[in-house]
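Trainee: Here is how the chains run, residue by residue.
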Amino acid sequence: MRRFALNPSLTAGATVVAIVILMAAIGPLIAHADPFAINLSNSLAVPSLAHPFGCDVLGRDVLARVMSGARLSLGVALSVVAFSLIAGSLIGGTAGLLGGWIDETVMRAVDIVLAFPGILLAIALAAILGPGIVDLIIALTAMGWTTYARLVRGEVLSLREREYVHAAETLGARPARVLLRHLLPAMAGPVAVQATFGVGGIVAAEAALSFLGLGALPPTPSWGNMLDAGRAFLLVAPNLTMAPGIAIGVAILGFNLLGDGLAQLAGTRS
Amino acid sequence: MTRYFLRRLLALIPVAIGVATLTFAMIHLVPGDPIIAMLGETAAPSDIAEMRHRLGLDRPLGEQYLGFVGGLAKGDLGESISYRRSVASLIAERFPATLELTVAGILVGLLIAFPLGIISGTRPGGAGDIGAMGFAILGISIPHIYLGPLLMILFSLDLRWLPLTGRGGFSHLILPAVTLGTALAAIIARMLRQSLIVVRESDYMRTARGKGLSPMEAMVRHGLRNAMTPVVTLIGLQAGALLTGALITEVIFSWPGIGRLLISAISARDYPLVQGCVLTFALTYVVVNMATDLAYAMIDPRVRLD
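Those protein sequences? They're chains A and B, same order as listed. Per numbering that gives the first Met the number 0: the first sequence ends with 269, consecutive numbering throughout. Per numbering that gives the first Met the number 0: the second sequence ends with 305, consecutive numbering throughout.
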């Protein structure tokens, strides 16, 4: 517990992330309104007791849509990070362990993927695959695996010279066993830090793609497409922009703080 | 230096070919028929065949690829379907707007980051440090798609100080540049703080303070220069986020650059134009990375060039 007391980023980050996850998990269950229910008499209704964040142009409750968007956003982000982490660790781990031409080929492929700046590769892939949640996850994973491949390869290269790894190899352990049983658990710290920042990054990337019309399509509420829809009503209904905007900001802030806190924790422990 | 420069330039060629190949593969190998996507499910087979022939998509894949790479080497990116003009000329027309926005974004980033980083790094743990780092973590967490509309509500619609959208004089540039530069400012400020804290403990800084400079004077006159190299590296590392940030900022503010061109090409299913814009972004990024490495070597004479 003292570690938590001395690490305000970790405490604050864990709290914010817990609230966001809770909102995504049970928010839609206890919501007072249906995020899809259209009621034109409530079109652009101002915030009130019945509709705390107001209503959008079709009279749908904004709070209910933000909570439903949280579910989509976190669901996509956690799946993308999980898939990227698995693919990246296996690819990077294999490359680092086997070395030689396999390593060379894999790292050149990583270089080429990384030559596409920021979320450009995901934008291009999402544009070709077409909009939709599954295609969105594929596009973001195709972009995301390289970070973990690089990280895990670097860790493998430094860890494989440790005595306990040599001991395991001497005892006849196969490369796959060395990787899964001895190397991957030893790098849990840096990988967890990276993955935490990664969730925040994918929340931002998913929102950007949905904002551009390349992710979740209306009527499915996502924070990105809500921000896009809100742009037409900046003057008359700024709440349509503020509600999803604050939700994205808070979610990313939470994962960034948690990542900072975990990095400090991993740093003090080693 | 010249030899190093030439070697870096040569090393660009395989990466550029790789980027071009992956872009080509994405457009041509990903399932789904671009022609049907373009003309709709109900298009007449004769129209589909004609369009396929016009775009050269009825030729064997290998031949298409060689034609594409050959054209690329001559600066020919094909013809845009929606504009009925050469892709290269469209991109050349829009590129300066993207460049203007990106450079302005970097300047805003530096302008905000330096005061914050210096305040934090001179007296870590103080009130100024806590305030500056609080701003930094907020700046990293607010995405462009929220910050942009937020600034529009505040400064264009409420205060009526600045124009809402479009490109024009200096006043049009401010809000997009701040939208783009804020995250960069936050990241640079954090890095600058880190490196100033290390520099602060060094002997020459103690000497500078010993001969009577205040901590702030010593930091600005002696510490800052030595804390600069990581900042240059960082801007290079952030170039990717900056370029796609510019893309999104262009869409928010209707800024007529390649980012907006790419998004309009995507919605028009104009695949040659999509391909050209994606390539331009990627190659710009690769070149910027090389330039950062060179700048790094020039600022810090300790960096060895081979």
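Quick caveat, the hints were computed from the structure, so don't treat them as lab data. Just so you know, not all the hints are guaranteed correct.
Not the full set, but computed from the structure, chain B residues with beta-carbon under 8 Å of chain A [to be verified]:
id, residue
1, Phe23
2, Gly130
3, Ser140
4, Pro142
5, Ile144
6, Leu150
7, Ile152
8, Leu233
9, Leu236
10, Ala240
11, Val250
12, Ala267
13, Val286
14, Met289
Backbone N, C-alpha and C define an ideal beta-carbon position, used for all residues, glycine too.
Trainee: Does each hint hold? Answer for all of them.
Mentor: Results for each hint:
Contact between B:Phe23 and chain A, as hinted, is not supported at the beta carbon level, the nearest pair being about 11 Å apart and thus beyond 8 Å. Hint status for B:Gly130: violated, given a least beta-carbon distance of 15 Å to chain A, over 8 Å. The closest approach between the C-beta of B:Ser140 and any C-beta of chain A is roughly 4 Å, which is under the 8 Å cut-off, so the hint is satisfied. A least Cβ separation of about 5 Å between B:Pro142 and chain A falls short of the 8 Å threshold, and the interface hint therefore holds.
For B:Ile144, the shortest C-beta to C-beta distance to chain A is roughly 5 Å, which falls under 8 Å, so the interface hint holds. Taken as an interface hint, B:Leu150 does not check out: its beta carbon lies about 11 Å from the nearest beta carbon of chain A, beyond 8 Å. Proximity of B:Ile152 to chain A holds as hinted, the smallest CB-CB distance being about 5 Å (cut-off 8 Å). About 15 Å separates the beta-carbon of B:Leu233 from the nearest beta-carbon of chain A, more than 8 Å, and the hint is not met.
Taken as an interface hint, B:Leu236 does not check out: its beta carbon lies about 11 Å from the nearest beta carbon of chain A, beyond 8 Å. Contact between B:Ala240 and chain A, as hinted, is supported at the beta carbon level, the nearest pair being about 5 Å apart and thus within 8 Å. The beta carbon of B:Val250 comes within 6 Å of a beta carbon in chain A, closer than 8 Å, and the hint placing it at the interface holds. With a cut of 8 Å, the hint placing B:Ala267 at the interface with chain A is violated, because the nearest CB-to-CB distance is about 11 Å.
At its closest, the beta carbon of B:Val286 sits 11 Å from a beta carbon of chain A; the interface hint therefore is violated under the 8 Å criterion. A hinted interface residue such as B:Met289 counts as satisfied when its beta carbon comes closer than 8 Å to some beta carbon of chain A; here the least separation is about 11 Å, so the hint is violated.
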